[in-house]
Every structure is written in C-alpha cells, then in structure tokens.
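Using the sequences and the hints, build the whole thing.
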Amino acid sequence: MRVSVEVCVASLAEARAAIAAGVDSIEACAWLACGGVTPSSGFVERVGVLRPRRLRVLCRPGPGGFRYSQEEIDLVASDALLLSGFQGVTGLVAGGFNQEGHVPWSAFGGLLGSGKEVSFHRAIDHAHDMLAVLDECVAHGVHRVLTSGGETLAMDGSRMIRRMVVRAEGRAVIAAAGGVHAGNVVELVERTGVTEIHFAAQKPRADRAEGASMSSSNAGMDFSTEPDEAKIEGVLNALVKAGLR
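Sequential numbering from 1132 applies to the sequence shown in this note's numbering.
Treat each hint with caution, since some may be false.
[As the list claims (entries may be wrong)] Restraint-style ranges between C-beta atoms, simulated for each label pair: (1) A1263 <-> R1336: 24 to 34 angstroms; (2) A1270 <-> R1336: 42 to 52 angstroms; (3) R1336 <-> Q1230: 25 to 35 angstroms.
[Unchecked claim] In silico BS3-like links for lysine-lysine, alpha-carbon gap of 27 angstroms or less: (4) K1372 <-> K1362; (5) K1334 <-> K1362; (6) K1334 <-> K1372.
These are calculated hints, taken from the structure and not from any lab test. We treat Cβ as the ideally placed atom computed from N, Cα and C, and that holds for glycine.
Put into structure tokens, the structure is as follows:
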C-alpha cells in the first residue's frame, strides 16, 4: 500500500517547500491557526503556477463553526466556482451544515458538477452522526472525506476513522488529519487503513520582529510563520522506512 501525503499551505514559501519535498498534493488555504479559511484568488493563482502534483483549494467562509447561514452557504458555492477555474486546481475542499444540522447538498451541487475532485472537509467531525454523513457523501459522489474521527487528534479518533474506511468500501477516499507527525504517522496508518494523510507544516519564524503588527489591538505582536521543512521530511521518511511509499 502506498500512502499519499498532503500538506496544507498558507504561503508561497510553504507551497514551495512541500512541492520540493515531493508531497503528492497541497491544499491552499489561509489562516491555518483557526483551521483554515478560503484563500485569496491571487494566492491560488500563484500556487498553481508552481505546478504541484495536485492542488486542492479550501472553501470555508469563516473561522467559526460549521453551521452556516444561507448567505455563507452561497458564499462557499461562489468561491468554489471562482477558484475551480484557476490553473492547476484539481480539487475543491468544502463542507458544513445548515442551521438545522443538515448538509445543504442542493447548494453544494455546483461543486460536484464542477468537473473537479470534491473533498468533504473536517466539518464531518462535528456531525451528529458521522457515518450517516459519510453515507450521504458517497451517495452524492464526493470523492474524498477528510477527518480526525470526531476528535481533535486523528490518533484519538483512529477507531472511528477505521470504521469510516470500512464503511466507504473504496467508494470514497478517507484521509486522516489532525496532529499527524513523523512519530505517529505509521501507527495511524496501521490502525486506520487510510491511504492518505493530511497535515500542516508551518512554525513561528525564528526571526520574528517585535512590533511588526499593524493592528492596534495586537500591538507588539508578530504572527509570521515559515515552512517546517523538517516535519514534512520526517513524515515522508517515516512512511518510506515502513514501506508505505
């Protein structure tokens, strides 16, 4: 079995580092500290020019929860339509629920008809019944589901992830995310049977300057980051040593 590796990136430096390391795919997003939101069109365009093997784009309207207003649902659909047209974009990553707790499949229909691969993101971890939502994803033709098994960390949710892999029966790829690193990636794959893992690889910049923030409420704070190349290499090497790449 070969395990595919995806790194979510929020800067061109992170994208370049992931591509140079040889990952199978990258997910373009913004504001990773909150779990990621929709990136700018300019960023997606520039990442596409770098020619990653596969480029997925996150479509998430804001940093709050995953129950959306109709306006937010429409925004996801609009962003997906716009961003799917950029060079190199092969997949869209979206998900969420309406105020009643149901997946708004009618609004998400445009994503599924875009001709791009569609992934349902970790909103599924907040579903009342994760397996029922997985069944819906399969029925509607979603290609891939990103999950931590209902927990913050994928290792803690490994039992549920395994159930999802079995339930999907190959009809959709189950990708594990949440606290994945070189020290646990092999055990996670062995416990769950996933064929794809997803993680972020950024760290605070060592040379962050004090007082760089333009916000008066965050005066004196610097939130700049840099790629964590060692983390990417560590995960890839661990998989190679285990015969999983």
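Outcome of the hint check:
{"no.": "1", "hint": "A1263 <-> R1336: 24 to 34 angstroms", "verdict": "violated, 43 angstroms"}
{"no.": "2", "hint": "A1270 <-> R1336: 42 to 52 angstroms", "verdict": "holds, 45 angstroms"}
{"no.": "3", "hint": "R1336 <-> Q1230: 25 to 35 angstroms", "verdict": "violated, 40 angstroms"}
{"no.": "4", "hint": "K1372 <-> K1362", "verdict": "holds, 15 angstroms"}
{"no.": "5", "hint": "K1334 <-> K1362", "verdict": "holds, 10 angstroms"}
{"no.": "6", "hint": "K1334 <-> K1372", "verdict": "holds, 25 angstroms"}
Violated hints, listed in ascending order, are 1, 3; each of the other numbered hints is respected by the structure.
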